[in-house]
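Peer 1: Note that the protein sequences, when read in sequence, are chains A and B. Residue numbers for the first sequence follow our numbering, so the first one is 339 and each next one is one higher. Residue numbers for the second sequence follow our numbering, so the first one is -14 and each next one is one higher.
There's no promise every hint is true.
Cross-link-like lysine-lysine pairs, in silico, DSS-like; alpha carbons within 27 Å at most [to be verified]:
1) A:Lys341 to B:Lys42
2) B:Lys68 to B:Lys27
3) B:Lys42 to B:Lys27
4) B:Lys42 to B:Lys63
5) B:Lys27 to A:Lys445
6) B:Lys63 to A:Lys407
7) A:Lys341 to B:Lys63
Don't read these hints as lab results, they were simulated from the structure.
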Amino acid sequence: DAKTTQPNSMESNEEEPVHLPCNHSTISGTDYIHWYRQLPSQGPEYVIHGLTSNVNNRMASLAIAEDRKSSTLILHRATLRDAAVYYCILLRGNMLTFGGGTRLMVKP
Amino acid sequence: EPEVTQTPSHQVTQMGQEVILRCVPISNHLYFYWYRQILGQKVEFLVSFYNNEISEKSEIFDDQFSVERPDGSNFTLKIRSTKLEDSAMYFCASSEWTGEYGYTFGSGTRLTVV
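Please model the complete structure; the sequences and the hints are all you need to start from.
Peer 2: Structure follows, in C-alpha cells:
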C-alpha cells in the first residue's frame, strides 16, 4: 500500500489559514497526491490533487515538496464549515486507500 | 454542480436477506466505484467498474457481493445474503477517467442489518 502519515487532529481559528501536513516517503513517480475531506455524516469530498507542481483551486492550495515525500494542504481562510476529517491519499492504480486522516476543528 | 445520487439513504434489512444499493453516477463519467465505512472506522475500497466489468476489487468484495450497470444510468451493488457485519455506510463514487482527475462521491446509503 502507498502509505501516508498525517496528524490525528489539528485546531484552527476561524478566518485564519490552516496548513495540513502529510508525509508520504514511499511515494513512487507515478503516484498522484489526492486530498479528500469528509464532513460529519457525509461522503468523502474531493478537495485537490497534484503530481509534482503546486496546485490551486477554489477550495484550497496544495504545496508539494520538491522530493515529493511530503505535501501540505492549505486552506486560506478556515470557516466553521471546513471542520472535517481531511485525508491525504496516494492514488496508485485506480483505488483510493483511506487512512485515518486529520480531524480539523475550527474555533469561532 | 453534478452529483452522484444514491438511494435509499437508509436501509434496514434482516440478516440473510438480499439487498440492492443503487447509485446514479455523473453522466459523462466512465469509472464507477463502491466504498464502505463501518461506523467509526476508515473508508474502505470495495470495487471499481469500467466498461461493464470489474477492474479492481478488494478482499472484502467476496462472492456475496456483485455489481451491475443494468442500464445507461444506474450502478448497483448487491449483497446476496447480508450478515450483521455488513452494516455500514456504503458510498458510490464515479470519476471521469482514471482517478487522477478526482472522484465524486455520493452521500451514501446507511445499511443496517438486524
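Peer 1: Would you mind marking each hint as holding or not holding in the structure?
Peer 2: Results for each hint:
Annotation: proposed proximity of Lys341 (chain A) to Lys42 (chain B) holds, straight-line Cα distance about 19 Å (limit 27 Å). Between Lys68 (chain B) and Lys27 (chain B) the alpha-carbon distance is near 19 Å, which keeps this suggested pair within the 27 Å criterion. For the suggested pair Lys42 (chain B) and Lys27 (chain B), the alpha carbons sit about 17 Å apart, so the restraint of at most 27 Å is met. Annotation: proposed proximity of Lys42 (chain B) to Lys63 (chain B) holds, straight-line Cα distance about 14 Å (limit 27 Å).
Between Lys27 (chain B) and Lys445 (chain A) the alpha-carbon distance is near 25 Å, which keeps this suggested pair within the 27 Å criterion. With a C-alpha separation of about 39 Å, the suggested pairing of Lys63 (chain B) with Lys407 (chain A) is violated against the 27 Å cut-off. Between Lys341 (chain A) and Lys63 (chain B) the CA atoms are separated by roughly 30 Å; this puts the pair beyond 27 Å, and the hint is violated.
Hints 6, 7, counting from the list given before, are not met by this structure.
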